[in-house]
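The residues making up each chain are set out below.
Number of protein chains: 4
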Amino acid sequence: MLKIQSFLPLALKYKAVFLDSYGVIKNYKGLIEGAQQTITFLRKNNVAVRILTNDASRSQEQQVESFHRLGFTNIEAHEVITSGMMAKQFLQHKILSGKIAYLGTENSAHYILQSGLEHISVNDINLNEIEDITAFVFLDDEGFDWNVDINKTVNLLRRKNIPVIVANSDKLYPVSKNNVAVATGGLAKLVESMLNKKFIHFGKPDSQMFMYAFDELNKFGTFSKNEILMVGDNLNTDILGGNKFGVNTTLVLSGNTSAEEAEYQIHASGIIPDFVCQSILQ
Amino acid sequence: MLKIQSFLPLALKYKAVFLDSYGVIKNYKGLIEGAQQTITFLRKNNVAVRILTNDASRSQEQQVESFHRLGFTNIEAHEVITSGMMAKQFLQHKILSGKIAYLGTENSAHYILQSGLEHISVNDINLNEIEDITAFVFLDDEGFDWNVDINKTVNLLRRKNIPVIVANSDKLYPVSKNNVAVATGGLAKLVESMLNKKFIHFGKPDSQMFMYAFDELNKFGTFSKNEILMVGDNLNTDILGGNKFGVNTTLVLSGNTSAEEAEYQIHASGIIPDFVCQSILQ
Amino acid sequence: MLKIQSFLPLALKYKAVFLDSYGVIKNYKGLIEGAQQTITFLRKNNVAVRILTNDASRSQEQQVESFHRLGFTNIEAHEVITSGMMAKQFLQHKILSGKIAYLGTENSAHYILQSGLEHISVNDINLNEIEDITAFVFLDDEGFDWNVDINKTVNLLRRKNIPVIVANSDKLYPVSKNNVAVATGGLAKLVESMLNKKFIHFGKPDSQMFMYAFDELNKFGTFSKNEILMVGDNLNTDILGGNKFGVNTTLVLSGNTSAEEAEYQIHASGIIPDFVCQSILQ
Amino acid sequence: MLKIQSFLPLALKYKAVFLDSYGVIKNYKGLIEGAQQTITFLRKNNVAVRILTNDASRSQEQQVESFHRLGFTNIEAHEVITSGMMAKQFLQHKILSGKIAYLGTENSAHYILQSGLEHISVNDINLNEIEDITAFVFLDDEGFDWNVDINKTVNLLRRKNIPVIVANSDKLYPVSKNNVAVATGGLAKLVESMLNKKFIHFGKPDSQMFMYAFDELNKFGTFSKNEILMVGDNLNTDILGGNKFGVNTTLVLSGNTSAEEAEYQIHASGIIPDFVCQSILQ
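Chains as they are written, first to last, in this note's numbering: chain A, 132 to 413; chain B, 132 to 413; chain C, 132 to 413; chain D, 132 to 413.
Chain A on its own, in the form it takes in the complex (with noise of 0.2 Å):
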């Protein structure tokens, strides 16, 4: 049986938190209730808050301002790490020349491609034009046509072996209550298939992430991996990376997973949280 313990006294042991978004500070219909408070009362107690979210689809600005219409306004953009902010770095040290393609929004690739190089959606792309496209970034599941930029996607990157990168790796996210909707990753998962490619993928579990939050922490204050807690709703993303890094790990059920269910996924996954909480409540 798990065994499920309060989280606040569990926070209050660790100079810095960092909080997964979607299952543990907002879920389907909204911010949490309580989680404003959650993070202020931590705050108090001077431990750091970080959030640490797989999104590419706004700015830490944007997510801020996204955060504030939900009602939670104590969140200052620093305090906002997102894989799409891995992937704007990666573009920027790796992409230094020509066009890069990519599936999303305009508001998506504008944040993360504002690098000086100009940007061109798939369904703005003539196959036949192709020379100068650089680079490839799956971004979003949305602001295209899936029945004809997926296939356009595939045939670019038979033709044009560049680098792709996928700026959320997460496979599916929750819509609601009971549904769920393709992400990003997922579509990407489909391309790599069709092409027997591996892409290059952003956003936890991979470790990069984590890597990223500790060192801009670090220019706060000073704090050893022995001093955080990483706290997520996801076994697959936030526990296992957070374990893979080396800080400690605490899975909440606010998001869509039972203890019944977690117990089992604990089991059959190995993935093993060092702490289960009912959620950042209390």
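The hints are simulated quantities; they were obtained by calculation from the structure and are not laboratory data. Among the clues, some could well be false.
Since the list gives no way to pick out one identical chain from another, each pair is judged satisfied if it fits inside one copy or across any two copies.
DMTMM-like, lysine to aspartate or glutamate: derived pairs with alpha carbons at most 20 Å apart [unchecked claim]: (1) 291 x 392; (2) 302 x 323; (3) 134 x 262; (4) 291 x 391; (5) 308 x 280; (6) 356 x 346; (7) 160 x 249; (8) 175 x 196; (9) 230 x 164; (10) 283 x 260; (11) 329 x 392; (12) 283 x 273; (13) 230 x 392; (14) 291 x 394; (15) 146 x 405; (16) 302 x 280; (17) 134 x 196; (18) 302 x 405; (19) 328 x 394.
Knowing the structure of chain A, use the given hints to seat chains B, C and D on it.
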């Protein structure tokens, strides 16, 4: 170096020849010129011909009509074996009540699902009224809105644990000299990946289609496996399947594969055809 | 909740029953008490019985001897179908010259490779003299030194591109109530992973063994798929294979799976038996 | 066609060079002649050098000793970063009590597991007394009997759900010009496949080792990612990992890959090095 030999003298050593359709007797431009003459020649020399194709969009009769429209007039319904026929047989034997949901065109649904049961397209399904749905079939990559209906399929199959079959396991198919499109087997793989399940796939390289063709052939005479030659342009379906079934196999280069690529692919995959021919034309 | 029903009344509705061996008629302690009576009862009631087992270590005759030694006296050679028989057939049809290399015991090699060709155990191979080796067979997990001969197999197959077959695709097998052992299919998977190749695997759930059993059965009468019941304790081999082949399937809980685990596995895998019974005993 | 350029002029454009070990500075015969001169030359020109190797069999100090024995005298302990160091760090942060079980040599266990906790080799484990085992480590492909201890590992991990880490994720390693051997990452994959679980793997291409090297490097000066060049002979580890981390990458052909094979592999994998050099010698 690949040893390439003439097809006609080779084929005359056998009592029956199994031909893949795309890349062997037709291509993106239509019928391959000379294919019809080869089939006539084989028949005159008492070599039986069967066409084995991963296709679930048309019945045997519709396949023959389609060949006729291309100008290929001497093929009969019983000489065509499709993966859709395997799917149809499965549904008749195993799904005896309820409604069968499908992704595909009404036309393909009509012939495969003609077992007395009702069928319903995914886009007509109300996810709150799914009690009477007893099976799901991936039929075709056309006939639905990918943006909407793939997600609907995922959610249907999360809610209801029913047999799911894939009537054509091909991941992609050629649409022109340089372009391919995601086939129904590719979409099925995407949904499998979302659900962490494995569906029941029909079509080459699976032995079932070869056995069906073999059994049907033996209604017209006595044929042993040693007397049959499988001919195809695809190592992973035609050659792998033929090898495993125990018949001799010939790779032809009349699809989109050059001799050099073929040599590499044989080496990399370990799938070794008994023979290689340029085409079935001479 | 799983609905569990009695086996004997169910079986009497069919003209033939296909039984898995391990977990159905025997287990790690020997013959399951009462299994022999069930088979006698079925025969008296004109239900034909066939045993379908993923095993390549013994010929049909040796299987029968082995059953006799366990006290199971009323089974005949033609009633046993093994994955090794599929492998043997493949070699006879497809490998017509040269020497066949194998991993396994001399005993298993002897019966499978009795096609007039020489065979050679991996540990007797000199990697500098491999010109005459024309095929490779994974036969057994015994009869060789894993530390040495697995690496030797990898290097042999890196040097020589030949057909590789796996005569028993099971990944593991039970050796006691709580313990399992890596089976030959598991070792084959390791080598496949080293080489990035896919070998030819024989055994359930592949249709070929079911088709063979079906064809053999029909030499003794006229049986349609609707008149056959497949019985096994393993969803991934017995039930998946039986479902795909188009016969009715019964999961029995006399192997190492509890009703609760079975229910979970059915849900997680999407492999759905038509019936569930405690065992074949009543 | 691959454009092959000279290494030394290229390397001088960077402030630091990360070198893979096998295939870059040594091979199956020992040290690659001239490698030591290159490193001396780089140092003289104020280019920092770090060696990043997937190896868990030796500590940094033992690595240096081993290099010395090969005649490579000017390398210091802090310049060597191994995947084993990542594993060691993980165990120190995450496993705070109990006993750590391992597959490998006593020597490799000794340095990795020196965290105050007891360690126990799989062959010393009694499967009925495993209450105090709290983690499992795949360390090495040597030091145990594969026939016995791989099965024992599978059964231990079936009984006990504990963190499992793989201290070197390489699947195989070269032992001579033509031969390879299964590495500890390959054995781990076999066990993962038996259990349907994913373990925690350390080593290139994972970002963690690059980040560790980067952080350590920055203790000796200020280095940005743009000022670092990763050099390796393996696309899947060195180049993929370097690309993802965001540094420039150079493929060298001094391992077992010819220019022609390299060109094919780059095309097939989609892993694209920024540069290709014959070796690090000139």
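Homomeric proximity label, residue 230 with residue 392: Cα distance no greater than 20 Å: So residue 230 and residue 392 fail the 20 Å test inside a copy (46 Å) and across (29 Å) alike.
20 Å Cα threshold - placement of residue 394 relative to residue 328: Answer is between; shortest inter-copy Cα gap is 15 Å, intra-copy 34 Å.
20 Å Cα threshold - placement of residue 196 relative to residue 175: neither (23 Å within a copy, 52 Å between copies)
Identical-chain pair category, residue 302 with residue 405, by Cα at 20 Å: neither (25 Å within a copy, 29 Å between copies)
Alpha-carbon proximity context of residue 329 and residue 392, limit 20 Å: between (31 Å within a copy, 19 Å between copies)
20 Å Cα threshold - placement of residue 346 relative to residue 356: Both: 11 Å inside a copy, 14 Å across copies.
Same-copy or cross-copy closeness of residue 134 to residue 262 [CA-CA at most 20 Å]: between (58 Å within a copy, 18 Å between copies)
Same-copy or cross-copy closeness of residue 283 to residue 273 [CA-CA at most 20 Å]: both (16 Å within a copy, 16 Å between copies)
Intra- versus inter-copy proximity for residue 164 and residue 230 (alpha-carbon distance at most 20 Å): neither (44 Å within a copy, 42 Å between copies)
20 Å Cα threshold - placement of residue 280 relative to residue 302: Intra 18 Å, inter 17 Å, cutoff 20 Å: intra and inter.
Homomeric proximity label, residue 291 with residue 394: Cα distance no greater than 20 Å: The answer is between: 14 Å across copies meets 20 Å, while 45 Å in one copy does not.
Within, between, both or neither, where residue 134 and residue 196 count as close if Cα-Cα is 20 Å or less: neither (37 Å within a copy, 48 Å between copies)
Against the hints set out earlier in the document, violations occur for numbers 7, 8, 9, 13, 17 and 18.
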